[in-house]
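Colleague: Chains D and F supply the protein sequences, listed in that same order.
FYI, the numbering for the first sequence is 1 to 324, going by full-length UniProt numbering.
FYI, the numbering for the second sequence is 1 to 412, going by full-length UniProt numbering.
Among the clues, some could well be false.
Here are the in silico distance ranges between beta carbons for each label pair [unchecked claim]:
#1 F:D196 <-> D:D53: 28 to 36 Å
#2 F:R316 <-> D:Q253: 25 to 33 Å
#3 D:S60 <-> F:S147: 54 to 62 Å
#4 F:G184 <-> D:Y323: 43 to 51 Å
#5 D:Y323 <-> F:R316: 27 to 35 Å
#6 D:D53 <-> F:Y410: 47 to 55 Å
Because the hints were derived from the structure by calculation, they are not lab data.
Keep in mind the model is a prediction, meaning the values are calculated, not measured.
Note that beta-carbon positions come from the ideal geometry of N, C-alpha and C, so glycine has one too.
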Amino acid sequence: MAHEEFSIYQSYQEFLQSDPDMSMPVAAVQSLVEFIRQSQASTMSEFVVMVRDAAQVLKSSARNSVSLAAGCDLFMQAVTRMADANVEECRQNLINRGTKFVEKAASCRESIAELGEPFIRDDSTILVHSYSRVVMTLLLRAAAHNRRFRVYVTEARPINSGYRTAAQLRQAGIPCTVVLDCAVGYIMEEVDFVLVGAEGVVENGGLINQIGSYQISIVAKAARKPFYAVAESYKFVRLFPLNQFDLPTHTAQILSFDSPQSVASPSPSLSDTNSMELDGAALDLAKTNPEVDYTPPSFITLLFTDLGVLTPSGVSDELIKLYY
Amino acid sequence: MSNSASSSPRLPSASNTPKPKAKAPKSEKPAKQAPKNAGPGKAAKVNNASKGGAASSSSTPAAKKISPLFAHLEEREYPATTAQAPSGVHPCVRSLGLQFAELKICGSTARCLAMLNAFKQVIEDYQTPSQTTLCRHLPTYLSIQISYLVSMRPMAVTMGNAIRFLKYHISILDIDLPESDAKGQLIEKIDEFIRDRITAADRLIVQYGLQKIQDGDVVLTYACSSIVKTLLIAAHQAGIQFRVIVIDSRPLLEGLKLLRDLATAGLACTYAYINSISSTMKEATKVFLGTHAVLANGALFSRAGTALVAMTAHRRNIPVIVFSEIYKFTERVQLDSVVMNELGDPHDLAAHKDGSPIDPAASLTNWKSVNNLNLLTLMYDVTPTEYLSMAITEVGMIPFTSVPVVLREYRL
């Protein structure tokens with residue numbers, strides 16, 4: 001195999017680290033482009049198999065692969081669409097398209113922010129969960145256009161990414177309060193709408209996101225507050241979970257009952273979480289707790305995407321158009 | 001059934017309040033408005049009498065034994081015969097019609113396959129009469145076959161879609177094509193339809209379906225769906241450890257067929273009637289259903305009882321997965337199962353297939369001669385889309401909100 005000296009996962013990690021604004025699907029596409037640039041397949045079928053293997057390696061090496069898989073799937077779709085071209089043409093074409101995709105991806109968030117901005121009215125109170133780059137883009141853009149609003153942001157234990165959100169919002173002069181994850185029910189009546197980002201948007205318009213999103217959506221629905229998700233269209237993923245336990249990220253270790261004697265359990269690597277300071281107890285919890293959850297479409301009011309503001313069922317329409 | 005039963009006793013009970021009484025029949029039965037000039041009390045009486053009479057005498061007792069709510073549905077003669085078949089009907093279609101009517105061939109896929117195979121024979125034996133062309137005459141000839149089949153049993157949605165496909169391909173045949181070539185082409189098209197829309201589609205659906213069965217699952221299914229059967233056996237052969245609950249209902253007892261095949265293949269099965277559904281559902285982790293048709297509003301048109309199973313599952317938050325090839329999708333929309341349905345054989349409620357009465361006291365034996373007694377068996381019901389989690393089709397796993405998109409993008 002030609003790619004032995006080239007580690008796709010390492011390249012993926014490098015791309016992620018080189019640009020803090022790069023999201024996982026984009027990094028995945030970029031590393032796959034890098035992979036085919038270096039690959040030396042002579043026949044088309046060999047080429048397709050190599051790319052598929054590389055995508056598989058990439059998917060299986062990350063602990064939380066939902067949004068990474070979205071990028072890989074997009075790329076593989078492009079590969080299979082070109083199956084009757086010759087290798088060199090195909091390689092060149094894919095490199096071009098991949099590069100263009102990465103360039104375009106950067107402007108994705110801006111166009112979403114533009115579409116979402118009218119939803120942020122003066123004097124509104126918004127609940128934001130955890131940290132999401134695309135949500136930040138939207139909020140900062142609204143603030144820059146002199147919208148006056150307040151933001152509650154959840155702490156998002158155990159990675160505590162809510163503090164990062166709060167710090168950035170305060171810097172932009174947006175009034176912001178960090179609330180405990182368990183205080184969501186308490187503050188919901190004060191909130192005008194909820195805004196969350198997404199790791200992946202699944203086939204039925206449901207959402208895979210940072211743990212806690214699902215319960216916020218339930219509280220929002222009970223309080224009859226709109227629940228908006230913000231996601232780039234490259235996060236649409238060909239996945240259709242039936243429930244939480246049907247997620248590809250679910251493993252037997254998650255929330256298993258260990259016997260009181262065996263406290264010390266083998267620890268899966270935490271290197272993928274963009275970790276803030278983890279204290280000892282939180283570290284233990286993070287090992288046995290899920291990182292993401294699934295929000296069914298019935299709890300989502302609208303999705304702000306670069307394809308437009310969509311209802312959850314609109315997402316599946318777009319996915320069908322994209323993949324068939 | 002309960003609707004109609006409750007509507008007739010309501011009339012006499014309201015007789016001591018004449019005013020609203022006079023109004024009620026007016027709206028219910030516009031045809032009986034003649035005695036309106038008489039006093040309200042009298043009108044009520046006349047109406048009452050004529051209504052009572054209508055139930056028994058407006059039809060000959062043998063023919064119209066059907067509750068008014070379903071009187072618009074077509075009643076069939078039992079036992080079915082091929083006697084009234086028009087002369088142009090091909091012998092293999094004739095026997096097929098009988099098999100349809102007797103439910104020997106039952107299930108939308110089986111019926112569609114049987115019909116297509118019969119049509120292959122019909123086309124092969126067809127000879128264009130002189131002074132006409134194949135693409136002009138063959139459709140009318142086929143129409144005779146089709147209307148005969150429909151007279152034996154209402155057409156399945158799948159059959160309708162297949163016929164549309166076939167007629168389209170007849171219409172685009174080159175008019176100068178020699179007859180044998182044209183026939184060859186059509187038969188090839190039919191084979192293509194069977195391969196692409198059914199055989200290959202089923203293989204894909206099973207592949208997708210396998211992703212949704214895990215170790216420890218308890219899969220509940222209703223009646224007998226061929227694709228669910230294939231999938232469950234495939235999952236068992238793939239070494240997945242799961243259990244199946246087969247829910248069945250009288251009078252068709254189709255679940256027995258499924259049960260026999262699953263048990264033979266070595267699956268752990270539980271068999272129960274639908275009246276125990278509220279307790280059997282507790283054990284289930286997933287519900288797998290087949291369907292007769294998928295309507296454009298995302299509702300299922302499926303074997304009577306499906307709606308109850310789906311509703312019970314929905315109530316317990318158990319995912320309901322429907323397996324359907326997209327040739328079962330139809331642009332029809334139906335909001336309830338009353339407007340369009342199919343009547344089964346009412347005798348099934350009174351007697352077993354061998355003729356022995358179902359209840360020992362034989363109280364239903366002479367049901368036809370009891371004036372105010374109707375028996376009703378419905379073949380289908382409509383399951384609203386809220387009860388359904390996902391459709392697994394050959395184009396992937398889709399939510400039921402996407403049915404119109406699939407209809408648009410994959411026109412047959």
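Colleague: Range first: 43 to 51 Å. Now tell me if the beta carbons of G184 of chain F and Y323 of chain D are that far apart.
Modeller: 36 Å, violated
Colleague: Has the hinted range 28 to 36 Å been met by the Cβ atoms of D196 of chain F and D53 of chain D?
Modeller: 30 Å, holds
Colleague: So does D53 of chain D sit 47 to 55 Å from Y410 of chain F, Cβ to Cβ?
Modeller: 31 Å, violated
Colleague: Could one say that the CB atoms of R316 of chain F and Q253 of chain D fall in the range 25 to 33 Å?
Modeller: Since R316 of chain F and Q253 of chain D have Cβ atoms about 27 Å apart, the given range 25 to 33 Å holds.
Colleague: Do Y323 of chain D and R316 of chain F keep their Cβ atoms within the hinted range of 27 to 35 Å?
Modeller: 32 Å, holds
Colleague: Starting from the range 54 to 62 Å, see whether the pair S60 of chain D and S147 of chain F falls in it by beta-carbon distance.
Modeller: 58 Å, holds
Comparing the model with each earlier hint shows violations of hints 4, 6; every other hint is respected.
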